[in-house]
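Trainee: The lines below spell out each chain.
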Amino acid sequence: MRRECNRFFKIKRQTLGAPLLETFLYISVFGAALGTRIDTLQGVDYVVFIIPGLILMAWAINAFSNNSSSILQQKFQRAIDDQLSSPASPLQSLLAFSLGGFLRGMIVAMLTFIAASILVGIPVENVHVLLPALFLVGFFFAQLGVLVGVRAEQFDDVSFAQTFVLQPLIFLGGVFYSASLLPEPFQTLTHFDPVYYMISLVRYGFLGISEVNVPFSLLVLTLATAALFMLNHRLFVRGYKLRA
Amino acid sequence: MKITDLVKRYPTGTEALRDVSLNIETGEFFGLLGPNGAGKSTLIHCSTGLAQPTSGSIRIFGNDAIDHYEEARLAVGLAPHDLNLDWFLTAEETLDYHGGYFGMPKRERRERTKELLKTFSLTEKRDDRTRTLSGGMKRRLILARALMHRPRLLILDEPTAGVDVELRLELWRYVQQINEEGTTILLTTHYLEEAERLCDRTAFIYDGQIVARGTSSELASEYGVSSLEDAYLELVGRMELSRAKPQEIAP
Chain D
46 MRRECNRFFK
56 IKRQTLGAPL
66 LETFLYISVF
76 GAALGTRIDT
86 LQGVDYVVFI
96 IPGLILMAWA
106 INAFSNNSSS
116 ILQQKFQRAI
126 DDQLSSPASP
136 LQSLLAFSLG
146 GFLRGMIVAM
156 LTFIAASILV
166 GIPVENVHVL
176 LPALFLVGFF
186 FAQLGVLVGV
196 RAEQFDDVSF
206 AQTFVLQPLI
216 FLGGVFYSAS
226 LLPEPFQTLT
236 HFDPVYYMIS
246 LVRYGFLGIS
256 EVNVPFSLLV
266 LTLATAALFM
276 LNHRLFVRGY
286 KLRA
Chain H
86 MKITDLVKRY
96 PTGTEALRDV
106 SLNIETGEFF
116 GLLGPNGAGK
126 STLIHCSTGL
136 AQPTSGSIRI
146 FGNDAIDHYE
156 EARLAVGLAP
166 HDLNLDWFLT
176 AEETLDYHGG
186 YFGMPKRERR
196 ERTKELLKTF
206 SLTEKRDDRT
216 RTLSGGMKRR
226 LILARALMHR
236 PRLLILDEPT
246 AGVDVELRLE
256 LWRYVQQINE
266 EGTTILLTTH
276 YLEEAERLCD
286 RTAFIYDGQI
296 VARGTSSELA
306 SEYGVSSLED
316 AYLELVGRME
326 LSRAKPQEIA
336 P
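First to last, the sequence lines map onto chains D and H.
Counting from 1 along the first sequence, just add 45 to a position and that's the residue number in the numbering used here.
Counting from 1 along the second sequence, just add 85 to a position and that's the residue number in the numbering used here.
Among the hints, erroneous ones may be present.
Stated by the list, open to error - Derived lysine-lysine pairs resembling DSSO-like cross-links, with alpha carbons at most 27 Å apart:
| no. | chain 1 | residue 1 | chain 2 | residue 2 |
| --- | --- | --- | --- | --- |
| 1 | H | 223 | D | 286 |
| 2 | H | 87 | D | 57 |
| 3 | D | 120 | H | 210 |
| 4 | H | 223 | H | 191 |
| 5 | H | 210 | H | 199 |
| 6 | H | 191 | D | 55 |
Simulated from the structure, these hints should not be mistaken for laboratory data.
Since the model is a prediction, treat every value here as computed from it, not as a measurement.
Can you make the complete structure from the sequences, with help from the hints?
Mentor: Printed below as a string of structure tokens:
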């Protein structure tokens, strides 16, 4: 895990600086510009409404991209062989890779939260939901990054997953709007997007407003994260696309 | 190291290793020779966890190296043929992290790293990222990394491929020294002179099978020729390339 953290700190302009700038731009463009035309959403200022989703997005995308690109890069250079030929168990290796991205996502999310608190002020209404929800989201996307990194054979595979799967799911999950405002069938379709439930949980944690059943969503997120972790563990035990 | 009936079959159906059995004695300098694609690297990968054998067993100093591999892997240092260094790490970090993967405490890692950087003339490059090192330096760093956790068995997969004469001689001298200090060594190489000079015993691997083993003179005698090189050429069916004088080649 130290190696993973060392890696993203060595390229911090790319791994920490760029996501922060991106989030700042979202707040500026969507919050300041659009916010002047949209007064409030579900009783809160528009700029405040979007911040929980931005924090989730920062954690999710950074956890995912760190793990997927780090694993693929090490596979590509075969540097991963040094770890695979060590006495470390598959569980230890998986946790080390997972937690690297998890921590990077957490750092970016925390910096985003601090910046947002200073710029616009954001409440924390339900910390008992917010913390487990954010940790589960971070760990889920860290696992997803590991899965894509292990399966990937070229850098295009990673960018495809991020650009064509992950980002649409996050954007269409309601980071910048409330699904209840959408016309049919888009409102119903949004309910098939798993990220919608994650955003709703985090928004409930911060703002106390939710469009979903909170305990049920937390339970499903926990089960999905556990299932993904078990799948990855199985891949590491088998050495799928890692060992010959 | 005791390999018994080892089979490695890839999903494509290719059988890279076919019932390979091999016994390397503690403290021995053992060579494995064979043409490209004969199964040398696959054998090494199976022994170090980089490939999953289809069947058979590998025991290293009495410990299972396939299923319950922890003790076996602690005893093995691998210097692969590829320069598989992590570009994000410095030379010093490369050694330090490797020690960490093998459970070495921080203080011991620090001391051992310092010692190896000095031994391999890399002290001045300790803070340089590995991608900026020359080919020779990378090769030395890979050997240092393999030795970091003080393995009792050192596996060298074509360690001198593509290196200049000076570095080759330097590496030979170093591995001979650590062998004399008690480290068992398994060497694969394409340089027959290297095997002849360094190895106590050598095995020929061909088409996934061990076809002969013994000292250089035993192998030459088995093939009815006068040198290890000619024994090898006989094995691969290229005796027309022999540099021996006609009278030295047995009828």
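Trainee: Look at each hint and say if it fits the structure.
Mentor: Going down the list of hints, with the structure as the test:
no.: 1; hint: H:223 to D:286; verdict: 26 Å, holds
no.: 2; hint: H:87 to D:57; verdict: 47 Å, violated
no.: 3; hint: D:120 to H:210; verdict: 25 Å, holds
no.: 4; hint: H:223 to H:191; verdict: 24 Å, holds
no.: 5; hint: H:210 to H:199; verdict: 12 Å, holds
no.: 6; hint: H:191 to D:55; verdict: 21 Å, holds
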